[in-house]
Structures are given as C-alpha cells and as structure tokens.
Amino acid sequence: MKNIAIFASGSGSNAENLIRYFSAHPQGTVRLVLSNKAEAGAIERATRLGVESMVFDRDTFYNSEQVLARLRQERIDFVVLAGFLWLVPDYLIAAYPNIHPALLPKYGGKGMYGDRVHQAVVEAGEKESGITIHRVNGQYDSGDIIAQHRVPLAPDDTPQEVAAKVHALEYEYYPQAVEAELAKL
Numbered sequence: 001m002k003n004i005a006i007f008a009s010g011s012g013s014n015a016e017n018l019i020r021y022f023s024a025h026p027q028g029t030v031r032l033v034l035s036n037k038a039e040a041g042a043i044e045r046a047t048r049l050g051v052e053s054m055v056f057d058r059d060t061f062y063n064s065e066q067v068l069a070r071l072r073q074e075r076i077d078f079v080v081l082a083g084f085l086w087l088v089p090d091y092l093i094a095a096y097p098n099i100h101p102a103l104l105p106k107y108g109g110k111g112m113y114g115d116r117v118h119q120a121v122v123e124a125g126e127k128e129s130g131i132t133i134h135r136v137n138g139q140y141d142s143g144d145i146i147a148q149h150r151v152p153l154a155p156d157d158t159p160q161e162v163a164a165k166v167h168a169l170e171y172e173y174y175p176q177a178v179e180a181e182l183a184k185l
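Residue numbers (our numbering): 1 to 185.
The set of hints was computed from the structure by calculation and includes no laboratory data.
Here the structure is a predicted model, which is why all the values come from computation and not from measurement.
Glycine included, every Cβ here is placed at the ideal spot set by N, Cα and C.
Careful: at least some of the hints might be erroneous.
Said to hold, decoys possible - Derived Cβ-Cβ restraints for the label pairs, each shown as a range: (1) 20 with 114: 14 to 24 angstroms; (2) 176 with 114: 19 to 29 angstroms; (3) 69 with 1: 16 to 26 angstroms; (4) 70 with 123: 24 to 34 angstroms; (5) 85 with 23: 42 to 52 angstroms; (6) 20 with 151: 15 to 25 angstroms; (7) 167 with 109: 15 to 25 angstroms; (8) 110 with 179: 21 to 31 angstroms; (9) 145 with 116: 36 to 46 angstroms; (10) 124 with 48: 31 to 41 angstroms; (11) 144 with 111: 14 to 24 angstroms.
Please model the entire structure based on the sequences and the hints provided.
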C-alpha cells in the first residue's frame, strides 16, 4: 500500500474527495494533508476524516527541510496537489512524483486559480471547459499531461455553473488519475 500526501490551500473539497476515495483502497491511503494556510478548509476536513495535517509558512516550505522531513516521517510515496497555490520547490519535485489538476492549456499559470479561471472562461465565451491533470514541474501549469477531460458549456453559464461542472470532472477523474499513477510506483 502506498502512502499519499495532499497539499492544499483552499476549502479542501478535492482533498476530501481523495481521502474518501482512498479510505478503503487496496493501492493507497491518504496519510497527510499539508497546507500553507492554517485556516484552510482542507485542514478541517482532514481532521474530521482522521487524517494527520501539517501547516507551514513560506520560509519553512522554501528554505528548510521540515516539510520533506515530515513527508519522510509519514513514509509518503506520492504527493498530490489539490488547490495548492504555491510553486513547488525543486527539492520536493525531485523527492516525490506528484500531479495537479488545472484548466489547461488556456487560463493556466500564476494567479489563475479557482473563480478567476471560471470568470475568464465565461468572459471569453468558451464553448467548453475542463481539467488537465499534469505532472508538477518547476513552473506553473506546464508539466507533462497525464489526462484531460472536457465538459460543454452553455452560452448563459455563470462562473459558478462552470465551476460546478469543472468540480464534477475533478471529483470523478482526479482520484482515477492518482490511482493509475500509484499503479506505476
């Protein structure tokens, strides 16, 4: 069985979905949720679901080995990003395989997350949206693509309706992508 760590900065709905998906899974289990925000919903969800958590600040993440030491202490085999907004440092990329869902190739990069992406999609009059699950590298939203899934949009969809459609894709396909990657370890 492989141990999974999830990095999250926000409400944690994807983190919770992954925790639940792998709660009785023969391939892996979520052992740790890490966040750069003590008030992140992901921390509360992890606690409620009996998963350990760690909160860190920018200096700790980029200039120390505390995060890496905790991952090793928990015997983490695989790292997943679920709404984590900081660029992942090279030491972590080198130590662990990891993936992250993002809307690509359009509307990706620094500062393009959450409602900002969905607003931009609506303003551009896009006919579809979706997710791209990719490997994390040293740049925002530019790693090798693992999977893409699309959803059609109606001309009158609001950013909130686009978000709901995209979240449905994430909830369905992100755990499957993690599962497939675990099988390769």
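Structure-based check of each hint:
{"no.": "1", "hint": "20 with 114: 14 to 24 angstroms", "in the structure": "21 angstroms, holds"}
{"no.": "2", "hint": "176 with 114: 19 to 29 angstroms", "in the structure": "22 angstroms, holds"}
{"no.": "3", "hint": "69 with 1: 16 to 26 angstroms", "in the structure": "22 angstroms, holds"}
{"no.": "4", "hint": "70 with 123: 24 to 34 angstroms", "in the structure": "40 angstroms, violated"}
{"no.": "5", "hint": "85 with 23: 42 to 52 angstroms", "in the structure": "26 angstroms, violated"}
{"no.": "6", "hint": "20 with 151: 15 to 25 angstroms", "in the structure": "22 angstroms, holds"}
{"no.": "7", "hint": "167 with 109: 15 to 25 angstroms", "in the structure": "20 angstroms, holds"}
{"no.": "8", "hint": "110 with 179: 21 to 31 angstroms", "in the structure": "29 angstroms, holds"}
{"no.": "9", "hint": "145 with 116: 36 to 46 angstroms", "in the structure": "21 angstroms, violated"}
{"no.": "10", "hint": "124 with 48: 31 to 41 angstroms", "in the structure": "37 angstroms, holds"}
{"no.": "11", "hint": "144 with 111: 14 to 24 angstroms", "in the structure": "22 angstroms, holds"}
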